[in-house]
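Line by line, the protein sequences are chains A and B. Residues 1 to 326 (my numbering) make up the first sequence, in order. Residues 1001 to 1314 (my numbering) make up the second sequence, in order.
One side only, chain A facing chain B, incomplete, derived with CB under 7 Å:
(1) A59
(2) G65
(3) I66
(4) N73
(5) G74
(6) L75
(7) N96
(8) L102
(9) Q103
(10) M104
(11) G106
(12) P141
(13) G142
(14) D166
Hints listed in this document are in silico derivations from the structure and should not be mistaken for laboratory results. The beta-carbon is built from N, C-alpha and C at its ideal position, and this holds for glycine as well.
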Amino acid sequence: MRTVQYREALREAMCEEMRKDENVFLMGEEVAEYNGAYKVSQGMLDEFGAKRVIDTPIAELGFAGIAVGAAMNGLRPIVEFMTWNFALLASDQIINSAAKMLQMSGGQYGCPIVFRGGNGTAGQLAATHSQSFESFYAHVPGLKVVTPFTPYDAKGLLKSAIRDNDPVLIMESEKMYGDKGEIPEKEYLIPIGKANVRTKGSDVTIVSFGKILKVVHAAAQELQKEGISCEVIDLRSIRPIDYDTIVESVKKTNRCVVVEESWPLASISSELAYHIQRYAFDHLDSPVLRVMQSDTPFAFSKNLIEEALPSVKKVMDAVKASMYVS
Amino acid sequence: MLLMRKIEEKVGHLYIQQKFGGFCHLYIGQEAVVAGTASGCNKEDKHITAYRDHAHPIALGVHPKYMMAELYGKTTGMSKGKGGSMHMFHKEVNLMGGHGIVGAQIPMGAGIAFADKYKGNKAVTYCSFGDGAARQGALHETFNMAMMWKLPVVFIIENNNYAMGTSVSRTTNVMNMSEMGDSYHMPSKQVDGMSVEAVHEAIEEAANRARKGEGPTLLDINTYRYKGHSMSDPQKYRSKEEVEEYKAKDPISLVLETIKANKFASKIELEKIQAKVKDIVEESVRFAEESPDPSKEELYEDVYTQKDYPFIKE
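Hey, can you work out the whole structure from these sequences and the hints?
The following block contains the structure:
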């Protein structure tokens, strides 16, 4: 094993796959000569040249559409968005073109493409730069959505995504690019669609994904000190969701809290609450609870951010509420 | 061209008889544009267009029965009955849609060309869209990148003068749409879209430029649709006189005059062609009507290439 940053893990995934397959290329704003807005693609221009590491103008709709066309015609593009907030401009091509191409063409033209970039809140960036799009895109059949939490996950999931013949969206975080973690020396892949039980526990199941898992782990550790054992599940993949792992856990703990850095309505927690009541109803000792981002646009002021986001205390309170203890 | 016309006339009748549903945008009047493109292109070239796409597969040599079956939503249709009127695809002739979102095919067309350039292929992509789609921001983003990267793509404005019910003059101050290429230094020209020869020549010239690595061309091909935007369009935005004026220079009549003037075909040969067209139209309708509907299992097919994708079914 060796220790790498999250951004290095993503880079290794891209470089390894680009060395293997000439048809894989990277495009996006500042990915080449600037070495990446968040230095994910540092050095890639030097290794692969301007043909395969391509700087684009600030034109998300245009270059996403060009990448979709390239994918229809035999290439395997990786499209980097500086953040998913800006990718809203490209959402027409992601949702109307990439997600539907295989079906609309009766199976004649697929779209093997990866869209990736920073997602969610990242400090005092205010309303337009702080949104989470997992549930937004997970709603759309034809897409796959993954949320790597660690450098290990980032490399393994991105490699799987690049090899996938369907469109895959990778939700990263500006706040995680510098995170360090261990990865194996040898090549490995992580399958898309399988959850990861990060901590085994017996009292309450906590389901979460992405950066907010840091808060979840901190809360679980505090709860452990108080004698409450939490099972922490990282979904890893938001579409498809590994329901079996969650239901199995809830059948064991009989309680579930979902923690999500996103708005409450039509969220992943709504979906999980439906699924758990449908398939583990008789096993529940308390309602499925959730800790969410506030149902408001993200504000600038530090104290409003604190109020808006899931915190260790909020997670601990929810877990205790699910156990009817205070 | 005659086959496209007769098929589309039949499609219009069948639609009124409610033989099939969905939207239905007819190509009648515009045949010279796709016919000239098809005759001016090479076999390995790629094609992508908008939702007014019934004639494109026919121009590229696909038997119209597959288009007709798609309109009927049958499993024998070009997209297995999953795309319908607006999403005609046919891989054998490199027809890459049929796209329902106005202007979405503009960047996709450039992307198809990007892939051929990347792989060192000599194929050219013909990317067609209407004068209405030319108002989308995607066009400007795409023109900029296509010129910068010298992509082998020919942008074809099928300029029938109306974005649904809104005339070109009501959407812009720049009536000569070929000038839209100027900001990007893209070679651009206006073409008489009622003359199949003029379209053919313009396409050949643009394709040669693309194949030489000189990048894209914008062709503003001026044409006219005799029918409404779609079958539900009452056409109150234009006069009958205007429609008649264009019908007087009908592209198929012009071809017929050329054939007769040059004695390219005898009267008997022309009659034979007409009879053959009639047969193909009837065969197409019969094929579509007799073909089976998709099986219910098809609903979950072709959504993902992954065969065991776990769809949520409850």
